[in-house]
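Trainee: Okay, here's what each chain looks like letter by letter:
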Amino acid sequence: MKNEWMYRVAGNLRIRIVGKGLERLLNEFTRRGIYVWNVRREDENSLTCYMFLRDIHHVRVAMRKSGCKLYVLERRGAPFWLKTSWKNSGIVVGLVAFMCVVFLLSNMIWRIEVTGANPEVEHTVRQQLKKIGVERGALQFVIPTPEAIQRTLMNNMDTITWIGVEWRGTTLYCQVVEKKKPTQTKANAPQHLVAKKKAIITYMFVEQGQAVVEVNDHVVPGQLLVSGFIGKEGQTEIVPARGQILGETWYKSTVAVPLKTTFYMLTGKKRETHYVRFWSWKVPVFWNHKEPFSQFEKQVDEKTFRFLTWTLPIRYEKVVWREKEVAVREYSYEQAKTAAKQIAREQLKRQLPADAIIQGEKVLHETKENGKVKVEMHYQVIENIATPQPIIQGD
Amino acid sequence: MIGKWKNNMRQWLTNQMELPADVVADLPRITMIGHIHIYIENHRGLLLFTDRELRLLLKNGQLLVKGESFSIKTILPEEILLEGKISQVLYLEE
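Each protein sequence line maps, in turn, to chains A and B. 1 is the number of the first residue of the first sequence in the numbering used here; add one for each residue after it. 1 is the number of the first residue of the second sequence in the numbering used here; add one for each residue after it.
The following block holds chain A by itself, in its conformation from the complex (with noise of 0.2 Å):
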């Protein structure tokens, strides 16, 4: 028969009819096809019953010439109940709205805080950041990650050692540490001049003390250059030697280069699955999957979303493969020394001061050893090799 999860799916209504016979109605309506249940007298005038709200209409025919009144007393069931709940969903739209808007303002960005820069640099790093759209009122989940900020604010700027970029609430405090700029010595302090390398003197220009070595002279470690006392003896006076004194200096260097390299090369192909995590398990939502790369590279990003101080076990994670390749470079002997030699410049290069200048290089030695060209080389440098040093006056 019919059950009751029916009766609610189809809405029913609780009745009271009174008047008399009753009973005649009652056969009236079972001969009308009206179903009725749970049908109880009240008294003698009066009964209730259960009937389904679709049959209302034809109650109303079947009773018109009985002289009987219907009363309804209660409404039950879905159509009543989807009523009602389209009369209150106005505080439940309400209550989403509000709660989108708390999601939306707890993932945004209310304050950046920098510290360790002076306001200079406080301010270029407020520009970088806004640049990439780091700005109050972003939402988090837009702007990249605190790695990659950090990464670009520190390829962007110079003046800066260092950033640290971390999320701490809906704050972005970014801790900066400034490239430190050498404190100029003070040029009236007195000071000689010395030798930090071993040299030979190729140039000189004295602008202020005696000139102790001369122009091919060859000159070790802490010896001393241009002297802060000039003056005839007796007559002394100390003053801060200041000059250019470039020397030769030598450098040797040896680089191996393998004939045969083996390494990976990306070949741009790449496929992205994006990931809805709920707690532990993570559905994926979105994927450009063709095959898998038997070699690759695999990248996870990931996004979590806060509401008020907490953070939601909801997070979006985006993976990316990169197909990589592996490639074999073979060099003739000619092009591994080639190589090397390019190696060795660009490391001697990069030890030296920028006004450096490499002058001569041979090649001292070369060996083709397990598979390896060895190579070694000596360079001939033109640099400054002053240094000052203070004079402590005594007394």
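If you're looking for bench data, these hints aren't it; they were derived computationally from the structure. Take the hints with a grain of salt, since some may be wrong.
As the list claims (entries may be wrong) - What follows is a list of derived Cβ distance ranges for each label pair:
#: 1; chain 1: B; residue 1: H37; chain 2: A; residue 2: T311; range: 55 to 65 Å
#: 2; chain 1: A; residue 1: G67; chain 2: B; residue 2: D22; range: 49 to 59 Å
#: 3; chain 1: B; residue 1: D22; chain 2: A; residue 2: I56; range: 33 to 43 Å
#: 4; chain 1: A; residue 1: W86; chain 2: B; residue 2: D22; range: 28 to 38 Å
#: 5; chain 1: A; residue 1: I56; chain 2: B; residue 2: K73; range: 15 to 25 Å
#: 6; chain 1: B; residue 1: L13; chain 2: A; residue 2: H57; range: 42 to 52 Å
#: 7; chain 1: B; residue 1: K73; chain 2: A; residue 2: G67; range: 42 to 52 Å
#: 8; chain 1: B; residue 1: P20; chain 2: A; residue 2: G21; range: 33 to 43 Å
#: 9; chain 1: B; residue 1: Q16; chain 2: A; residue 2: I56; range: 43 to 53 Å
#: 10; chain 1: B; residue 1: K73; chain 2: A; residue 2: V92; range: 36 to 46 Å
#: 11; chain 1: A; residue 1: W86; chain 2: B; residue 2: K73; range: 25 to 35 Å
#: 12; chain 1: B; residue 1: P20; chain 2: A; residue 2: Y35; range: 21 to 31 Å
#: 13; chain 1: A; residue 1: E74; chain 2: B; residue 2: M32; range: 29 to 39 Å
#: 14; chain 1: B; residue 1: K73; chain 2: A; residue 2: T311; range: 54 to 64 Å
Said to hold, decoys possible - Restricting the straight-line Cα-Cα distance to at most 25 Å, the calculated cross-link-like pairs of lysine to aspartate or glutamate (DMTMM-like) are:
#: 15; chain 1: A; residue 1: K69; chain 2: B; residue 2: D26
#: 16; chain 1: B; residue 1: K59; chain 2: A; residue 2: E28
#: 17; chain 1: B; residue 1: K85; chain 2: A; residue 2: E23
#: 18; chain 1: B; residue 1: K85; chain 2: A; residue 2: E44
#: 19; chain 1: A; residue 1: K196; chain 2: A; residue 2: E166
#: 20; chain 1: B; residue 1: K73; chain 2: A; residue 2: E42
#: 21; chain 1: B; residue 1: K66; chain 2: A; residue 2: E23
#: 22; chain 1: A; residue 1: K324; chain 2: B; residue 2: E79
#: 23; chain 1: B; residue 1: K73; chain 2: A; residue 2: D55
#: 24; chain 1: B; residue 1: K73; chain 2: A; residue 2: E28
#: 25; chain 1: A; residue 1: K270; chain 2: A; residue 2: E147
#: 26; chain 1: B; residue 1: K6; chain 2: B; residue 2: D26
#: 27; chain 1: B; residue 1: K85; chain 2: A; residue 2: D43
#: 28; chain 1: A; residue 1: K349; chain 2: A; residue 2: E248
#: 29; chain 1: B; residue 1: K66; chain 2: A; residue 2: E42
#: 30; chain 1: B; residue 1: K85; chain 2: A; residue 2: E248
#: 31; chain 1: B; residue 1: K66; chain 2: A; residue 2: E28
#: 32; chain 1: A; residue 1: K372; chain 2: B; residue 2: E83
#: 33; chain 1: A; residue 1: K65; chain 2: B; residue 2: E78
#: 34; chain 1: B; residue 1: K73; chain 2: A; residue 2: E44
#: 35; chain 1: B; residue 1: K73; chain 2: A; residue 2: E4
#: 36; chain 1: A; residue 1: K368; chain 2: A; residue 2: E346
#: 37; chain 1: B; residue 1: K59; chain 2: A; residue 2: E23
#: 38; chain 1: A; residue 1: K20; chain 2: B; residue 2: D26
#: 39; chain 1: A; residue 1: K20; chain 2: B; residue 2: E53
#: 40; chain 1: B; residue 1: K85; chain 2: A; residue 2: D55
Heads up, the beta-carbon is just placed ideally off N, CA and C, and yes, glycines get one too.
With chain A fixed as given, assemble chain B onto it according to the hints.
Mentor: Coordinates of chain B only, in the frame set by chain A:
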């Protein structure tokens, strides 16, 4: 005369063919579950219903059910399911 003959015929059929009596003779089939439910099939309409009494029209005569706190669980043209505390079921011949 014909009515009586028909009745005899029916009785004979029921006996000979082992058919249920309600099918052949158009009699009500009454099922009771303890004294709380009574299920009557093949009735011909409701005559009286109060919380202590139910009177049904049958093909021959009436059925009277007495008890307490009655309520009709289901009522269909030929079936009725009554719930309550049933104390008596009476046949009233015409």
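Trainee: A separate judgement is required for each hint: does it hold in the structure or not?
Mentor: Here's how the hints hold up against the structure:
At roughly 59 Å, the beta carbons of H37 (chain B) and T311 (chain A) sit within the given window of 55 to 65 Å. A hinted range of 49 to 59 Å is violated for the C-beta pair G67 (chain A) and D22 (chain B), which are about 37 Å apart. At about 35 Å, the beta-carbon gap between D22 (chain B) and I56 (chain A) stays in the expected band of 33 to 43 Å. For the hinted restraint 28 to 38 Å between W86 (chain A) and D22 (chain B), the CB-CB distance of approximately 51 Å leaves it violated.
Taking the beta carbon of each, I56 (chain A) and K73 (chain B) are about 21 Å apart, inside 15 to 25 Å as hinted. As the Cβ distance of L13 (chain B) to H57 (chain A) is approximately 45 Å, the hint placing it in 42 to 52 Å holds. The supplied range of 42 to 52 Å is broken by K73 (chain B) and G67 (chain A), whose beta-carbon atoms lie about 27 Å from each other. Take P20 (chain B) and G21 (chain A): their Cβ atoms lie about 35 Å apart, and the range 33 to 43 Å holds.
Between Q16 (chain B) and I56 (chain A), the C-beta spacing of about 51 Å keeps the proposed range 43 to 53 Å intact. The hinted range of 36 to 46 Å is satisfied by K73 (chain B) and V92 (chain A), whose Cβ atoms lie roughly 38 Å apart. Take W86 (chain A) and K73 (chain B): their Cβ atoms lie about 33 Å apart, and the range 25 to 35 Å holds. A hinted range of 21 to 31 Å holds for the C-beta pair P20 (chain B) and Y35 (chain A), which are about 27 Å apart.
Between E74 (chain A) and M32 (chain B) the beta carbons are some 31 Å apart, a value that agrees with the proposed interval 29 to 39 Å. Range check, K73 (chain B) to T311 (chain A): Cβ separation about 56 Å, and the 54 to 64 Å hint holds. A C-alpha spacing of about 36 Å is found between K69 (chain A) and D26 (chain B), which places the hinted pair above 25 Å, so the restraint is violated. In summary, the hint linking K59 (chain B) to E28 (chain A) is supported, as the alpha carbons are separated by about 18 Å, within the 25 Å threshold.
Restraint check for K85 (chain B) and E23 (chain A): the C-alpha separation of about 20 Å stays at or below 25 Å, so the hint holds. Restraint check for K85 (chain B) and E44 (chain A): the C-alpha separation of about 20 Å stays at or below 25 Å, so the hint holds. The straight-line distance between the Cα atoms of K196 (chain A) and E166 (chain A) is roughly 43 Å, outside the 25 Å bound, and the hint therefore fails. A hinted pair counts as satisfied when its Cα atoms are at most 25 Å apart, and K73 (chain B) with E42 (chain A) qualifies at roughly 15 Å.
In summary, the hint linking K66 (chain B) to E23 (chain A) is supported, as the alpha carbons are separated by about 16 Å, within the 25 Å threshold. Among the hinted pairs, K324 (chain A) with E79 (chain B) is inconsistent with the structure: their alpha-carbon atoms are about 80 Å apart, more than 25 Å. Pair hint K73 (chain B) plus D55 (chain A) holds up; C-alpha atoms about 18 Å apart against a cutoff of 25 Å. About 17 Å separates the Cα atoms of K73 (chain B) and E28 (chain A), which keeps this hinted pair within 25 Å; it holds.
A C-alpha spacing of about 21 Å is found between K270 (chain A) and E147 (chain A), which places the hinted pair at or below 25 Å, so the restraint holds. For the given pair, K6 (chain B) sits about 12 Å from D26 (chain B) by alpha-carbon distance, which is consistent with the 25 Å threshold. Annotation: proposed proximity of K85 (chain B) to D43 (chain A) holds, straight-line Cα distance about 18 Å (limit 25 Å). Pair hint K349 (chain A) plus E248 (chain A) holds up; C-alpha atoms about 15 Å apart against a cutoff of 25 Å.
This hinted pair checks out: K66 (chain B) and E42 (chain A) have alpha carbons roughly 17 Å apart, not beyond 25 Å. Taking the CA atoms of K85 (chain B) and E248 (chain A), the gap is about 123 Å. The hint is violated against a cut of 25 Å. Between the alpha carbons of K66 (chain B) and E28 (chain A) the distance comes to roughly 24 Å, so the proposed pair stays at or under 25 Å and holds. A distance of roughly 102 Å separates the Cα atoms of K372 (chain A) and E83 (chain B); the hinted pair therefore is violated under the 25 Å criterion.
For the given pair, K65 (chain A) sits about 23 Å from E78 (chain B) by alpha-carbon distance, which is consistent with the 25 Å threshold. Restraint check: the Cα-Cα separation between K73 (chain B) and E44 (chain A) comes to about 19 Å, which is no more than 25 Å; the hinted pair holds. About 13 Å separates the Cα atoms of K73 (chain B) and E4 (chain A), which keeps this hinted pair within 25 Å; it holds. The suggested pairing of K368 (chain A) with E346 (chain A) holds, with an alpha-carbon distance near 22 Å, which does not exceed 25 Å.
Using a Cα cut-off of 25 Å, the hinted pair K59 (chain B) and E23 (chain A) holds, with the two alpha carbons roughly 18 Å apart. Only pairs whose Cα atoms come within 25 Å are accepted, and K20 (chain A) paired with D26 (chain B) is rejected, the gap being roughly 31 Å. Using a Cα cut-off of 25 Å, the hinted pair K20 (chain A) and E53 (chain B) holds, with the two alpha carbons roughly 17 Å apart. A threshold of 25 Å between alpha carbons decides the hint, and for K85 (chain B) with D55 (chain A) the separation of about 30 Å lies outside it, so the pair is violated.
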